[in-house]
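Add chains B, C and D to chain A, keeping to what the hints say.
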Amino acid sequence: MVPLSWYLALAAALFCVGLYGVLARKNAVAILMSIELMLNAVNINLVAFWHYLTPQVPSGQMFTIIVLTVAAAEAAVGLALIISIYRRRSTVVAEEIDLMKW
Amino acid sequence: MLNEWTFIGLFLLMGAIFPGVPILLQSLVLGPKKNNPVKNSPYECGIETVGDTWVQFKVQYYIFGLVFVVFDVETIFLFPFAVAFDQVRLFMVVEVVIFILILAGGLVYAWRKGALEWV
Amino acid sequence: MDVGTLISNPVVAIREWLAQLLSNLGLAPQAADVILMILGILVIASVSLILPLFLIWFERRVVARMQDRIGPNRVGPQGLLQTIADAVKLLIKEDITPIGADKLVYNLAPILSVIAVISMWAVIPYAATMVGTTLNVGALYLVSVGSLGTLAIMMGGWSSNNKYALLGAFRTVAQLVSYEAPLLLSLLVPVILARSMDLNTIVRAQNVWFIVAAPIAALIFFVTSVAEVGRTPFDLLEAESEIVAGFHIEYTGMKFGMFFVAEFLHAFTVGALTAVLFLGGWRGPGAEQAPILGVGYFMLKAFAGYFVVILMRSALPRIRIDHMLDLNWKFLVPLALAVIVFTVLGDKVIGEAGITSPWARSGLLFLVNLVLAGLVYAVLSGAARRQRAEEAAGQAHDGQGALAEAAAHGEAGPHAAPAH
Amino acid sequence: MTAAQVIFLITAVLTLGAGVYVVAARNLVHAALALIAAFFGVAVLFVLLQAGFLAAVQVVLYIGAIAILIIFAIMLTRRVMEDTGPQTNRQWWLAGIIALVLFGAIVFSLRLVPALQGVTAAAQPIPTDTIEKLGFAFVDPNQYLLPFELASVLLLVALIGSIVISADRK
Numbered sequence: 001m002v003p004l005s006w007y008l009a010l011a012a013a014l015f016c017v018g019l020y021g022v023l024a025r026k027n028a029v030a031i032l033m034s035i036e037l038m039l040n041a042v043n044i045n046l047v048a049f050w051h052y053l054t055p056q057v058p059s060g061q062m063f064t065i066i067v068l069t070v071a072a073a074e075a076a077v078g079l080a081l082i083i084s085i086y087r088r089r090s091t092v093v094a095e096e097i098d099l100m101k102w
Numbered sequence: 001m002l003n004e005w006t007f008i009g010l011f012l013l014m015g016a017i018f019p020g021v022p023i024l025l026q027s028l029v030l031g032p033k034k035n036n037p038v039k040n041s042p043y044e045c046g047i048e049t050v051g052d053t054w055v056q057f058k059v060q061y062y063i064f065g066l067v068f069v070v071f072d073v074e075t076i077f078l079f080p081f082a083v084a085f086d087q088v089r090l091f092m093v094v095e096v097v098i099f100i101l102i103l104a105g106g107l108v109y110a111w112r113k114g115a116l117e118w119v
Numbered sequence: 001m002d003v004g005t006l007i008s009n010p011v012v013a014i015r016e017w018l019a020q021l022l023s024n025l026g027l028a029p030q031a032a033d034v035i036l037m038i039l040g041i042l043v044i045a046s047v048s049l050i051l052p053l054f055l056i057w058f059e060r061r062v063v064a065r066m067q068d069r070i071g072p073n074r075v076g077p078q079g080l081l082q083t084i085a086d087a088v089k090l091l092i093k094e095d096i097t098p099i100g101a102d103k104l105v106y107n108l109a110p111i112l113s114v115i116a117v118i119s120m121w122a123v124i125p126y127a128a129t130m131v132g133t134t135l136n137v138g139a140l141y142l143v144s145v146g147s148l149g150t151l152a153i154m155m156g157g158w159s160s161n162n163k164y165a166l167l168g169a170f171r172t173v174a175q176l177v178s179y180e181a182p183l184l185l186s187l188l189v190p191v192i193l194a195r196s197m198d199l200n201t202i203v204r205a206q207n208v209w210f211i212v213a214a215p216i217a218a219l220i221f222f223v224t225s226v227a228e229v230g231r232t233p234f235d236l237l238e239a240e241s242e243i244v245a246g247f248h249i250e251y252t253g254m255k256f257g258m259f260f261v262a263e264f265l266h267a268f269t270v271g272a273l274t275a276v277l278f279l280g281g282w283r284g285p286g287a288e289q290a291p292i293l294g295v296g297y298f299m300l301k302a303f304a305g306y307f308v309v310i311l312m313r314s315a316l317p318r319i320r321i322d323h324m325l326d327l328n329w330k331f332l333v334p335l336a337l338a339v340i341v342f343t344v345l346g347d348k349v350i351g352e353a354g355i356t357s358p359w360a361r362s363g364l365l366f367l368v369n370l371v372l373a374g375l376v377y378a379v380l381s382g383a384a385r386r387q388r389a390e391e392a393a394g395q396a397h398d399g400q401g402a403l404a405e406a407a408a409h410g411e412a413g414p415h416a417a418p419a420h
Numbered sequence: 001m002t003a004a005q006v007i008f009l010i011t012a013v014l015t016l017g018a019g020v021y022v023v024a025a026r027n028l029v030h031a032a033l034a035l036i037a038a039f040f041g042v043a044v045l046f047v048l049l050q051a052g053f054l055a056a057v058q059v060v061l062y063i064g065a066i067a068i069l070i071i072f073a074i075m076l077t078r079r080v081m082e083d084t085g086p087q088t089n090r091q092w093w094l095a096g097i098i099a100l101v102l103f104g105a106i107v108f109s110l111r112l113v114p115a116l117q118g119v120t121a122a123a124q125p126i127p128t129d130t131i132e133k134l135g136f137a138f139v140d141p142n143q144y145l146l147p148f149e150l151a152s153v154l155l156l157v158a159l160i161g162s163i164v165i166s167a168d169r170k
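In order, the protein sequence lines correspond to chains A, B, C and D. In terms of my numbering, the first sequence opens at residue 1 and continues consecutively. In terms of my numbering, the second sequence opens at residue 1 and continues consecutively. In terms of my numbering, the third sequence opens at residue 1 and continues consecutively. In terms of my numbering, the fourth sequence opens at residue 1 and continues consecutively.
One or more of the hints may lead you astray.
Pairs of lysine to any residue, SDA-like flavour, derived with a Cα cap of 20 Å [unchecked claim]:
#	chain 1	residue 1	chain 2	residue 2
1	B	113	B	102
2	B	113	D	149
3	C	103	B	36
Listed next, with one range per pair, are the computed distances between beta-carbon atoms [stated by the list, open to error]:
#	chain 1	residue 1	chain 2	residue 2	range
4	A	54	C	92	51 to 61 Å
5	B	117	D	129	37 to 47 Å
6	B	35	C	307	19 to 29 Å
7	B	16	C	391	45 to 55 Å
8	D	161	C	36	33 to 43 Å
If you want the ones that stay clear, here's a sample from chain D, every Cβ over 10 Å from chain B, calculated [said to hold, decoys possible]:
#	residue
9	16
10	27
11	30
12	55
13	89
14	100
15	111
16	122
In case anyone wonders, no lab produced these hints; they're calculated from the structure. Glycine residues also receive a C-beta, built at the ideal position from the N, C-alpha and C atoms.
Okay, chain A solo, but in the shape it has when bound:
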C-alpha cells in the first residue's frame, strides 16, 4: 500500500506550487487558479488523514465537502470581482489594481 507520508509530501508540494503562483503571478485570474490548487492540496491532506487514521468517522470527508463549498463560493465572488474591475479599469493585473493609492 501507499504510505501516508507520500500523500502528505505530494500535498505539501502542491500547496507550495500554489503558494508560489499566488505570490508571483501578475494576473488576478491566475492567482485565483493558484488558490484553487492550494485548496486541492488541503483536500488531499484531509482525505488522506481520513483514510489512514479515522476511516470510521466521516469528519474528513465532511470537511472536504465544506472546503469544496468554500472554494466554489470563493471562485464565484473572486471572479465576479475580477470581471467587475476589468470592466471599470480594463486590467486584471494585480499590481495595477491599487484603488487605495488612486
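Just chains B, C and D now, with coordinates in the frame of chain A:
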C-alpha cells in the same frame, strides 16, 4: 471498491483510444494532404475575416455560470442525504427543506434583481 | 457448460468459462480479472460506438417519414449501410487545422466529447447480471462524465480561432451549464426514492416504475437531458442558420464525425437513462430468471425514449435564447426544487405512517405530484392572466396614442403627404 | 512496488506537473486546462484513498463548475490573452524562495511527528457505507447540522454578493 474504479479508469483509457484511432487513420494515412493558406483560414461563409476572434462577450453569460455553480454545490450536499434517507427522521427532513429554501431565496433574489433576464 | 445458462444468462456464463480458462492457463487471479475487465470494456465500448451507425440511419428514416420523404434507401437493404458509406467518406477527407488554432486542444476536443458520452455506458445496467461495473456513486458519476462533454465543446469552440465557434462555445455555457442545474436536481429524485446512487440498485428498487411516483421529475429529467445533448429544439449551440454549426464549424473529416457520433450516442443515452431511472430499466416479466430478456426490455424502453427525442427534433422549431434561459431558470429550476421538497416530505411522512406497500407508496407520491402540478398550473395561469391584463392595458394605451397621433397628422399621415 | 504505488506515483507526477504548468504558463486558457488536469489527478488520488464519492464530487464541482467559471472569466477578460510581457511580478524569485522554504519546513516538521511515521495502511477497515454516514452526519443535530446550514447561507451570500458586484452597469 478499487476494482470498480479500475474498470472506470480502463474504460476512460479505452474511450480515448477508440475515437483516437480513426482520427489518426484519417489525418495521417487516408486523407489527402494538400494544404494552402486560403484553405486553412478561418471559415466565415466565404468572407474574409475582420478583426480579432476575441470579440467582447456580455457579462450576462458569467451570471448564469455563477447561479449554476451555487445550485451545483447545493445538490452535492443533497446526494449523500438522499442515500441516507432511510435513517433520517422527519425533523431532519425539515432541516433539509430549510436548506433548500435558503437557496431558493437566492434564486428569488437573482430573479427580482433581473440577473436572470437575457438582455 | 450448461446450454440453458448460456442462452438465458450469456454474459455470466461466458465470463465464468473464460475465468476458468484463464486460471487453467496458470494466470494469477488478479491478472485474469484485468483481462476479463478489458474484454468487457472492449465489448461495451465497441457496441456503443457501432450503435450510432444504426442510430443515424434510424433517425434519418424516421425524420424522413415525418417530412413525407423516404430517406436513405440506396446503400444496402433499406439503406442500412448508408452510414458506413458516410463514415468511409469522412475517413478519406482531408484533415484541416485552421490557422491560429490551438493544435493540442483542437485535436483533444472531439476525443473528449466521445469519452464523455461513451463512459456513461460503463455503469448503465443492461440486465440484472449485465453491467459494466456497479459504482456506489453511479448517478453522480453520470453527471461528472457528462460535464466533460461541456468542457469538450468549450475546448473545441475556443481552439478553432473562429468567431462563430467561440460564439457557439459561449452559448454552450449559457445552455449546457444552465440545464445541468435542473438535471442534477431531477436526478436526485430517483436517488431519494431508491436510497442509493448505484444504477442497478435504482432499477431493482423500481417494483413500481419511478415514473408513477415522480412523473414531474421524469419530465424535467427528460427535457433537460435533451437540452444537454443540444438537439432541436435546444440546438442553439449549433444553430446552422445563425452561427453555422457553432463550435464544430472548423472540424472536418473524422474529428467532425466524432462530434457527430457523440451527439447521436448521447441522444440514445438520454433514452437509456430515462429507462433506467424512471421506466424500470431491464425489469419486465421473467427478466430476473433470464437476464437476456432484460436486455430486450431495456433496449425496448431505451428506443422508446430515443424515439420521443427524434419526434421532438422533427416536430419542434428552435427555441429562442431568452426563452431557453427563462424556461430553465424561471420554470425548471424552481419546479425541480419544489419536486424535491414535496418528494422528501411526502416520502418521509408516508414512511412514518407505516405504509410500506410499493403500490400504495407510489400512488400517494403520485397524488403529491398531482397536487404540485395543480399548484404550478394555478401559479402559471395567474401569471399569464396578469401578463395578459398588463398587455391589454398597454395595448389600449398604445392604441389611443396611435389614434391621437393619426388624428394630429391628418388621415394619411406625414409620409403619404408627397403623393398628394 | 505494488500497482497502487505505481498508479500513485504516475498520478502524483502528472498532478504536480499540471500544477507547475498552471503557475508557469503564459497562455491563461492553457493554464486553466492544466488546472483541470490537476483537478482530475486529485480525483484519481481520492479514488486511491477509497473516497469514490469525493472523486465524483471533485469532477462534478471542480471540473464541471469551477473550471468552467474560470475559463469563462478568462474569455470575458480577453485583454489578458494579449499579454506578451512577463507573467510574473518583480518579486517572483522571492516567492520561489518562500515556497521552497515552506516546503522544506513542512517536510521537516512531518518527520518530527512520530505518529505519522510508517503508516502504510488504514487503521481500521474502510466502511462501505461512508456516503450514508456522511449524509446522516449532515442532518444530525449532534454532528454537523450547523456547518450544513451555514454552507447554504454561505452559498446564498456568495450568490447575492457576486450578482451585486457583477451586475452593475457602466
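Violating hint indices (sorted, rising): Violated hints (numbers, rising): 2, 6, 8 and 12; every other hint is consistent with the structure.
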